[in-house]
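Starting from two chains that each stand alone, build the complex the way the hints lay out.
The residues making up each chain are set out below.
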Amino acid sequence: MKLLTCPMNGPRNISEFQYLGPVRLSPNPEAASDADWAGYLFGAPNDRDFQREFWRHTPSNYVFVAERHIGTGEVRRTYDPGEME
Amino acid sequence: MPLSLLKYGLSRDYPVTGDIPATPDLKRSYDVVIVGGGGHGLACAHYLAKYHGVTDVAVLEKGYLAGGNTARNTTTIRSNYITPEGIAFYKEGVKLYGEMSGELDFNVMFSQRGQLTLAHTEATLRSFHLRAEMGRHMGTRLEVVDQKGVEALCPRLNMDYGGPLEVLGGLWHADGGTARHDAVAWGYAREASRRGVEIHQRTTVEAIDVEKGRVTGVVTDRGRVAAGAVMIACGGANYEVAKLAGVELPIRCYPLQAMVTQPLKPWLDTLVSSVSLHTYLVQSSRGELVIGGGSDPYMSYSTRSTLEMKEHLAEGAVHLFPFLKGVRVLRQWAGTTDMTPDYSPIMGASPVDGLWLDCGWGTWGFKATPVAGKRMAETIAAGKVPDILAPFALDRFERFAVLNEMGATAASH
Ligand SMILES: Cc1cc2nc3c(=O)[nH]c(=O)nc-3n(C[C@H](O)[C@H](O)[C@H](O)COP(=O)(O)OP(=O)(O)OC[C@H]3O[C@@H](n4cnc5c(N)ncnc54)[C@H](O)[C@@H]3O)c2cc1C
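As given, the protein sequences belong to chains C and L, one line each in that order.
Heads up: the first sequence begins at 0 in numbering that gives the first Met the number 0, then just goes up one per residue.
Heads up: the second sequence begins at 0 in numbering that gives the first Met the number 0, then just goes up one per residue.
Treat each hint with caution, since some may be false.
[Unchecked claim] With a straight-line cut-off of 25 Å between C-alpha atoms, the simulated SDA-like cross-links for lysine to any residue are:
| hint | chain 1 | residue 1 | chain 2 | residue 2 |
| --- | --- | --- | --- | --- |
| 1 | L | K242 | C | W36 |
| 2 | L | K242 | C | A34 |
| 3 | L | K309 | C | G70 |
| 4 | C | K1 | L | T305 |
| 5 | C | K1 | L | K242 |
| 6 | C | K1 | L | Y300 |
| 7 | L | K242 | C | Y39 |
| 8 | C | K1 | L | L306 |
| 9 | L | K242 | C | L24 |
[To be verified] Interface residues of chain L toward chain C, partial, derived using beta-carbon atoms under 10 Å:
| hint | residue |
| --- | --- |
| 10 | K26 |
| 11 | D30 |
| 12 | E239 |
| 13 | A244 |
| 14 | L248 |
| 15 | I250 |
| 16 | R251 |
| 17 | R303 |
| 18 | T305 |
| 19 | L306 |
| 20 | M338 |
| 21 | D341 |
| 22 | V401 |
| 23 | A409 |
Simulated from the structure, these hints should not be mistaken for lab results.
Backbone N, C-alpha and C define an ideal beta-carbon position, used for all residues, glycine too.
Isolated chain L, as found in the complex (with noise of 0.2 Å):
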């Protein structure tokens, strides 16, 4: 080993920087204050800061960071959805993914190996050509394809032919990836906090101060402080949260289970899901299979695993690849989700001045953290909500006008 190498091991000065500076005393008020340091409260802080001259921001996160459903969730990052407002959006949303690395100097790991939607009924296989036109007119890549067409692009999987769930057809989307989700998050921590945004770790926001119909504030365990505009982004405590300014969100709790198995060889290339099973399957790049599925069949705020939840994914999971059957699952977990009545997120204006939401992700909200980051910053930084977020406002309940994203939810997210 040449000397010089142990002698910059050995040194006192041993140049690590931290990435996030540690937690700073809070100041008496902050232009912006973002409640929820999770992957949406950090990127909003980083379009703030960058975009937008805006760097007196304080990021409060009651835990440690992007320690809610931004650490839970399976990273599955996609566009094709079936509301023209909704693919607009989220199509954005995948883009901004592909410059990520660049933009923040982090390697996120983008992998956009596309995503594979098997159809095991006819009527599952309508709906994806609904799908596939909308998404085409939309611009984005999504074809269907036939049973050649889903083995060529899965030769591993077991296609049932002649049994009760053969696969009849796919919705191939090669737009369709992952990412890594603790790089995203801590890329833009470490952007924002570059350019003087603070973050507030185990700092709890426990009420927030409404005068006159206009935010003015929020208490914390840690103290009070002013501040011009808030943004609520606490993942599966909005309910909550919104609920200290006296805003109602129609927002209902419910868990969201995902495990992954001991790593083996790289053997699946693209994202596989199933309506029918509701399961769907990655691989990542350590090589473990990250398996999810459908929410749990009840509302509740636990954080809990079920056996029957882990038993299901792990049925869906050996049907499509048999030989699974003895591959062992290293961990599990939930999560919190706030979940919509349409599948569709809560973003922009607030009944109370100055009171931003960037609320209802459920159990989809992974693949829109930098386009919810860059849009809400945009929109806090005019004070007005760009035409790409206006159909997510909250009165698009009392209008009637709500964006049914449900089918093209279930299980894939």
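Excised from the complex, chain C in its bound form (with noise of 0.2 Å):
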């Protein structure tokens, strides 16, 4: 079994997780375009690099954010969204 590391609960089984997607921040609902919504609604990051991903623990229903590889499965650090730049 896969591990991940949750930055409250420390590894876990991945089967303990919630993949949530890539994060993505919503436009500013005043100033987007229709092509703005369409692609923060269709658009993907889908390249085979580290990307930022929303995950639950479900256990603790606590959600943060992974850097995880697509193409490896690597993840290189784990942490609160609070600490989102």
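Below is the structure:
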């Protein structure tokens, strides 16, 4: 079983986590065009590289950010969403 | 043994002919370059050559022929989708499968034995009624069957009466079936190469040349070739290959896994799938049970299996047919699927002139191999998208005109 390190609970089996997908910051509703919304809704970062993703540790219902390489599966860093730049 | 047979067998000019010629030298230019030698690319090449007289075509395949998702899929063929655009398209696909062995003079072992999808909840049953009405309206064979109907179609199924996964009914799709995936790809490849299409295996496209908004050729690891038109049909690599031309596709890659058991005597005539269990089964003509299910839970380009998913499939299969306990798994694998936001493919024009897309086939594209090939060939030959493909355009996302097939795709592909 793969492990993922939860910033709050430490290393846990991957089956304890729910994947919430790549981090995408919603556009400003005052300024966004239709194209911006389409990009936000449907566009997808899918490069064979590290990407920022939201994950949830289900037993503790804690959501955090992981930097994971979608080609190799390597997880470089996990941290609380408050630490996101 | 008759002497003539022995003589024939030992003869120096034993008349074996390879189905597909060895990879030739790359020419400097082709009318059409197809990137990706899976079922889709090969089918398009066949229809271009046979029906449109376009034979100056090169199919460029990074690995060996049809070794991508065409080799990895579980070969479910069906048209029981929910959108009218989707049903019309897949219905044509099923029809072409019916004619394929004749079309290609190659036995693709199309076996139209029907697909039974199980409902274990009221909500699923309601959605089946919706699909059945839609399917009937569009002229496919699709009906909701009750518990007795399910038992009659699949006598060995565990109905789980009174249990948490009681089978409440099913969606019976008499048009559903399977075909031999390698035969489909090889049949198209043989016919295409007979008419002059060049098939280049072990040839990777590394760059796509675009000048003034128009595609002019591709750069491969064996040199550059100019092209009048280029089609991308690269399965799990579609996002990355389109990006070589500066085209961003709304695709995310997820692994999809499957496995087969040891061969058993024939006992299962229909395709069976369960939405709640995320498991489906079919018995191949070799007697093996082919078992598939849902996608991996997170994005990845990995083509490795995981124990969790395999355990999950085994659990689902043993729940549906408890006597399978103890049957051994022979082979298991995964493929990278190019998932779109609405579970429908992306076919037709790209923002680059002359660059055509046959992408976003995710977990559901084998059944569309003939129809996508035929219709994309028509598109490339005429330089214009036919009506049946228009709804699948890349720009549907900007127009918020999505074709949501998520519910009709889950756990049966
Ligand atoms: C486990 C699994 C089960 C499935 N089950 C079903 C099912 O039951 N029913 C169904 O309809 N669909 C199913 N699918 C989906 C189906 O397999 C695919 O949608 C379909 O096979 C796609 O065919 P294709 O020819 O477009 O792609 P592929 O067969 O993947 O071919 C693409 C080819 O492009 C080549 N390529 C990639 N990059 C390059 C490059 N840069 N240069 C040159 N060549 C390149 C690859 O090597 C590959 O051979 C399943 C998929 C998987 C993984």
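How the hints compare with the structure:
Simply put, L:K242 and C:W36 have alpha-carbon atoms about 21 Å apart, close enough for the 25 Å limit, and the pair holds. For the suggested pair L:K242 and C:A34, the alpha carbons sit about 19 Å apart, so the restraint of at most 25 Å is met. Restraint check: the Cα-Cα separation between L:K309 and C:G70 comes to about 21 Å, which is no more than 25 Å; the hinted pair holds. Between C:K1 and L:T305, the direct Cα distance comes to roughly 9 Å. Compliance with the 25 Å bound is thereby established for this hinted pair.
Taking the CA atoms of C:K1 and L:K242, the gap is near 31 Å; set against the 25 Å cutoff, the hint is violated. For the hint linking C:K1 to L:Y300, the alpha-carbon distance of about 16 Å falls within 25 Å, and the restraint holds. Distance restraint check for L:K242 and C:Y39: the Cα-Cα separation of roughly 18 Å lies within the 25 Å cut-off, and the hinted pair is therefore satisfied. At roughly 10 Å between alpha-carbon atoms, C:K1 and L:L306 fall within 25 Å of each other, so this suggested pair holds.
Of the pairs offered as hints, the one joining L:K242 and C:L24 holds, with about 23 Å between alpha carbons and a cut-off of 25 Å not exceeded. With 10 Å as the threshold, the beta carbon of L:K26 stays out of range of chain C, its nearest partner Cβ sitting at about 31 Å, so the hint is violated. Look at L:D30: its Cβ only gets to about 31 Å from chain C, farther than 10 Å, so that hint breaks. Taking 10 Å as the C-beta cut-off, the interface hint given for L:E239 holds, the closest approach to chain C being about 7 Å.
Because the beta carbon of L:A244 sits about 15 Å from the nearest beta carbon in chain C, more than 10 Å, this interface hint is broken. Interface restraint check: L:L248 against chain C, minimum CB-CB distance 8 Å, threshold 10 Å, status holds. Below 10 Å, beta-carbon pairs count as interface contacts, and L:I250 has one with chain C at about 6 Å; its hint therefore holds. At its closest, the beta carbon of L:R251 sits 5 Å from a beta carbon of chain C; the interface hint therefore holds under the 10 Å criterion.
Hint on L:R303 holds. Least Cβ distance to chain C is approximately 9 Å, under the 10 Å limit. For L:T305, the suggested interface contact is upheld, since its CB lies about 8 Å from the closest CB of chain C, less than 10 Å. Against a cut-off of 10 Å between C-beta atoms, the interface hint on L:L306 holds, since the closest Cβ of chain C lies about 7 Å away. The interface hint given for L:M338 holds, since its Cβ lies 9 Å from the closest Cβ of chain C, which is under the 10 Å cut-off.
Given the 10 Å rule on beta carbons, the hint for L:D341 holds: about 8 Å separates it from the nearest Cβ of chain C. The beta carbon of L:V401 comes within 8 Å of a beta carbon in chain C, closer than 10 Å, and the hint placing it at the interface holds. Taking 10 Å as the C-beta cut-off, the interface hint given for L:A409 is violated, the closest approach to chain C being about 17 Å.
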